[in-house]
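**Student:** Chains as they are written, first to last, in our numbering: chain L, 4 to 170; chain P, 73 to 171.
Each statement offered as a hint is correct.
Below, simulated SDA-like cross-link-like pairs (lysine to any residue); rule was C-alpha separation at most 25 Å, straight line:
no., chain 1, residue 1, chain 2, residue 2
1, L, K133, P, V113
2, L, K121, P, V113
3, P, K170, L, Q94
4, P, K170, L, F96
5, L, K121, P, I80
6, P, K170, L, I166
7, P, K170, P, Y155
8, L, K121, L, Q7
If you anchor each label on the Cβ, the simulated ranges turn out as follows:
no., chain 1, residue 1, chain 2, residue 2, range
9, L, G162, P, L158, 17 to 25 Å
10, L, Q144, P, V166, 40 to 48 Å
11, L, L155, P, A126, 17 to 25 Å
12, P, D167, L, G119, 47 to 55 Å
13, L, T120, P, L158, 43 to 51 Å
14, P, L124, L, V146, 17 to 25 Å
15, L, K121, P, R156, 49 to 57 Å
16, L, L105, P, H125, 27 to 35 Å
17, L, V111, P, R156, 39 to 47 Å
Derived contacts from chain L toward chain P, CB cut-off under 10 Å, selection only:
no., residue
18, M4
19, V26
20, Y49
21, Y65
22, G119
23, T131
These are calculated hints, taken from the structure and not from any lab test. Even glycine gets a Cβ: it sits at the ideal position worked out from N, Cα and C.
Spelled out, the chains give:
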Amino acid sequence: MIAQNIAFWIIAVAMGFAAIGVVRTRNIVHAALYLVVVLAGVAAQYILLGAEFVAWVQVLIYIGAVVILFLFGIMLTRAPMEGDSDLDNDQRFPAAVAALFLLGVLVVLLLDAFGGTKIKLDAAVLATGKTAVVGDAIFRQYVVPFEVVSMLLLAALVGAVVIARRD
Amino acid sequence: MIMNQFLILSAFLFCVGVYGVLARRNGVLVLMSVELMLNGVNLNLIAFSARLHAVSGQVFALFIITIAAAEVGVGLAIVLLIYRNLRSPDLDGVDQLKG
Numbered sequence: 004m005i006a007q008n009i010a011f012w013i014i015a016v017a018m019g020f021a022a023i024g025v026v027r028t029r030n031i032v033h034a035a036l037y038l039v040v041v042l043a044g045v046a047a048q049y050i051l052l053g054a055e056f057v058a059w060v061q062v063l064i065y066i067g068a069v070v071i072l073f074l075f076g077i078m079l080t081r082a083p084m085e086g087d088s089d090l091d092n093d094q095r096f097p098a099a100v101a102a103l104f105l106l107g108v109l110v111v112l113l114l115d116a117f118g119g120t121k122i123k124l125d126a127a128v129l130a131t132g133k134t135a136v137v138g139d140a141i142f143r144q145y146v147v148p149f150e151v152v153s154m155l156l157l158a159a160l161v162g163a164v165v166i167a168r169r170d
Numbered sequence: 073m074i075m076n077q078f079l080i081l082s083a084f085l086f087c088v089g090v091y092g093v094l095a096r097r098n099g100v101l102v103l104m105s106v107e108l109m110l111n112g113v114n115l116n117l118i119a120f121s122a123r124l125h126a127v128s129g130q131v132f133a134l135f136i137i138t139i140a141a142a143e144v145g146v147g148l149a150i151v152l153l154i155y156r157n158l159r160s161p162d163l164d165g166v167d168q169l170k171g
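Bound-form chain L, shown alone:
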């Protein structure tokens, strides 16, 4: 438990700084690279929680595909590469107030609702993270939502091609 707590805090602090880097950096490519750190940290937290299949899907889909899409988007829109304060609009102060207010409300609520709740990482938790168990749940209990989400992904990607096509 101690080792897992130490790992949690190291990863959490790195994720926190990287997340702030995503929304504060002046360089748009650096923002994409900070996003990789956050996504890898989230994958590591999944492993800490025993959800190994979701962790590797996170690495494959997010770090492997989504970040590459972002880098393509950055290149195709020829964004200002560095030294431009143009990336932020003039709502920075109200946005910070809104985000801090939301964070305060959520933290107070969570401390009130789940103050003493603990996660015990025993064999039962690790059993729910196994790929066989997750696959069983997807293709037996959740097979209709799975097919719906497949159609949604297909429709969204065809729609993206249609929107971005030059004619």
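Please build the complex by placing chain P on the supplied structure of chain L, with the hints as guidance.
**Tutor:** What follows is chain P alone, placed relative to chain L:
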């Protein structure tokens, strides 16, 4: 481990994402902030899945990852179209509906 470690971390990720969506002008960076928010929600789902020994949290996290991939595809296509029409990826130019 304490449940709130994970829940407060995911709340923090969500709020950083909210700040980014509100304060960023560049369309690609707004989409990145949306990804931060979705990852906060996913971490929440996995934490509850571990707490309740239920696999459904992980299944829904997988669905959210799929939806996020679709959202990034469509979102980047829209940003590309905005760039082509306005010569800039900034979302400030898209205010035709402003009253």
